[in-house]
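Residue numbers (our numbering), protein chains in the order written: chain A, 1 to 539; chain B, 1 to 261.
Just so you know, the hints here were simulated from the structure itself, not pulled from any lab data. These figures come from a predicted structure and were not determined experimentally. Where a beta carbon is used, it is the ideal one built from N, C-alpha and C, also for glycine. Watch out, some of these pointers could steer you wrong.
[Claimed, not checked] Per the computed footprint, the stretches of chain A lying under chain B, defined by three or more beta-carbons under 8 Å from a beta-carbon of chain B, are:
hint : region
1    : 282-289
2    : 323-335
3    : 406-419
4    : 468-478
5    : 508-514
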Amino acid sequence: MTTSPSASKVNRAAGATANFVDERTSIAGFVKYFSRKLFPDHWSFMLGEVALYSFIILLISGVFLTAFFIPAVTPVHYEGTFETMAGVEMSEAYASTLHMSFEVPGGLLMRQIHHWAALIFTASIMVHMARVFFTGAFRKPREINWLVGFTLMILSLAAGFTGYSLPDDVLSGNGLRIIEGIVRSIPIVGSYISYGLFGGEFPGEALIPRLFTAHILLVPALILGLIALHLFLVFLHKHTQYPGGGRTHKNVVGLPLFPVYTAKAGGFFFVVFGVIALMASVLTINPVWNYGPYDPSPVSAGTQPDWYILWIDGLLRVMPGFPEYVIGGYTLSLNVLIPAVVVPGLFFGFLALYPWIEQWATGDRTEKHVLDRPRNVPVRTGIGVALIVFYVILVIEGSNDIVATLFHLSINDITWFIRFAVFILPVVAFWITKRICLGLQRKDRELVLHGHETGRIVRHESGEYVEVHEPLTDQEIWIRVSYDNHKPLVLEPETNEFGVRRRWYRWSRFKQAVSRFYYEDRVEPVTPAELEAARSSHH
Amino acid sequence: MQTLARQRYHRLTPLLLVLGLLALITGVATIIAPPPATANTEASAQDVEAGQKLFAANCASCHGLDARGQAGVAPSLHGVGAASVDFQVGTGRMPMQASGPQAMAKAPQFGEKEIAQLAAYVASLGAGPSIPTAEQVDGSLGDATNGMLLYRNNCAMCHGSVGGGGALTEGKFAPGLWETTPTHIYEAMLTGPQSMPVFNEANITPEGKRDIIAYLEAQRGGSPGGLGLGAIGPVSEGLWAWLIGIGLIVGITVWVGARSS
Ligand code: HEM
């Protein structure tokens, strides 16, 4: 091969630079290490990336907004171009948001990009989390990464909520008012926390600047740091893979990270960006000029939080108002405490601890790198669907006024229906999902043992008619038989052979109960012996 | 500048496809605009007589032949005034049809002349608010900013921040106000139909009412940000984020994944 002198000069320069960097940082090792990492290819593995890319879009558009937003509640009189606000008294925060929307070129587009990206960021996190949940990607050794992810999810809610509260319009002010009420419902410390948070009585002057610091600095920095940790752990553990021929808990089958996967991922950024930009240029979001500057008295119909907080609004709406007690001069507002603090606490707590709960049931301490097909873990899949149903019902209750007008229903009927549905439907959903999973597993067994139905009927010489069944390929069989066949844990007797009561006996009994709940109903995978027997009987 | 911003986004909206979908799902229900009511002319005795005949034929079954109402069926109309009749019949609410949580607006059953006759008849039964003049309801003479402040404090809790509508209890609702004629807006405030409170001259002055009309008319040019999604707040935005945003992104991912393997 011949190279022109100039090209070789460039090459040499590039090589020298690389050397310079490498000798000082030993980065070549990393680059080689990472670029040779394999990444399995499946559409559901892109969901985490949607979250990542929408976060990057949030950062970029957020920097733009920061240049024009003024985080102050100093009153000013509006002098901008929006007609129906002429001369109205408002805070600087709100005035700067209007200024950004109507006078800064591209400002409205940027605001809309930022807000749509925020909604898609939170939505994609939840979808990603559901993927991780249903495929069992949280199992050992990835429990820690599940927790990191969980914290990211909570932080995304914090980022969204602090952002929603910044423009100081009627909507954000009402949201903060509700938060204040929730904080105050916490017994004993509530009012102190509220005073500390707001720097005095609501709304006060301190809050908007504080929220601003949290929104543009604290929360994004935490998210950024945790995303780095999250991705580092994904690399460290290697990505999981779906079951398939040759894929085991000890290997990874996929594309090398560089160049193939990187190119795909880079292209995918533009898909996410394109969709967000499309929405931002066509669809209005958070039209603060409609809501008007914050003023504690007016509350308009359709005052709701962004979608990811809506379920907590739903909890508040579904809760009957009566449990409010005055004890020794102090008010205990269980009607706020339970829906807004206790239930979300339990819900999020359950999610955070889920990997360990399932470990109690399986007692399995080995590493898992091959994902579960959701049908092969019927109880987990059932729990996941039940949680989603619970969540969605509450989102609907949080939108009950909109649902009522849209479908011409009575808002009171909706709330009463949901008071029951929120307890009943998740259980029903769990049961149905579990049954469907078990049914699918049985169908898999059937297929493995008897093959595909071909619809071809042949007549034997004896005059007997039989349908020809086509045996499955090895790949098809592998997918259907290679799953963990967990059985309920066996409880050791309460006392050991010396008649001494075992330590932790009650705890073991609890774990055994969990295990029974998970694995009492199960469909065993086809064993090689069964397969052999089935094959010989067919011939 | 606001109009400038609007134009900038108008050019980006040839995506009528999205618009079609939007109308379908957000359920921006088609509200049939009633023909604009004209200002009242002095009612003649003939009008009253004609109105009485119309009333006997169409309204008396519920309101009674003497329009004193029937307990549990319909209220007395003595003293409700011409404005109430013009509003109720002009928006198609009366004669009431299906019984439900509230009398629904529909295409009006009577023409302008008949409505005027009915109004004249009911007005002759007892003094009540009369139909506002064209000048009283002319939004271009009003101050939209003051209208915004009045609207926010008096109407937004039921009709939404810019008149997109909202739910009340037991299946009742405050309708959207974007299609309502200025005269009907004024009359609604004057007479307080059904669950809506009456806003008399002391609550909101006639000028204030006109300012509110000016504010509501300022909402009809569309949103500077693009399609308004019904202007019902964050719920519809969340729905769109899932339907279009997550829907498109996941759809594309699955599609690309299916093609590459
Ligand atoms: C800011 C939010 C988040 C970002 C940017 C993010 C990003 C990612 C990316 C890019 C991956 C690798 C590709 C994939 O499997 O999708 C991943 C994997 C993973 N994520 Fe997240 N994630 C976030 C939130 C979460 C949440 C809320 C959870 C669960 C509570 C979670 C748990 C996991 C786990 C366990 C893995 C490993 C999956 C495997 O190896 O199969 N992440 N994340």
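Worksheet entry | Hint check against the structure, violated hint numbers in rising order | 2, 4 and 5
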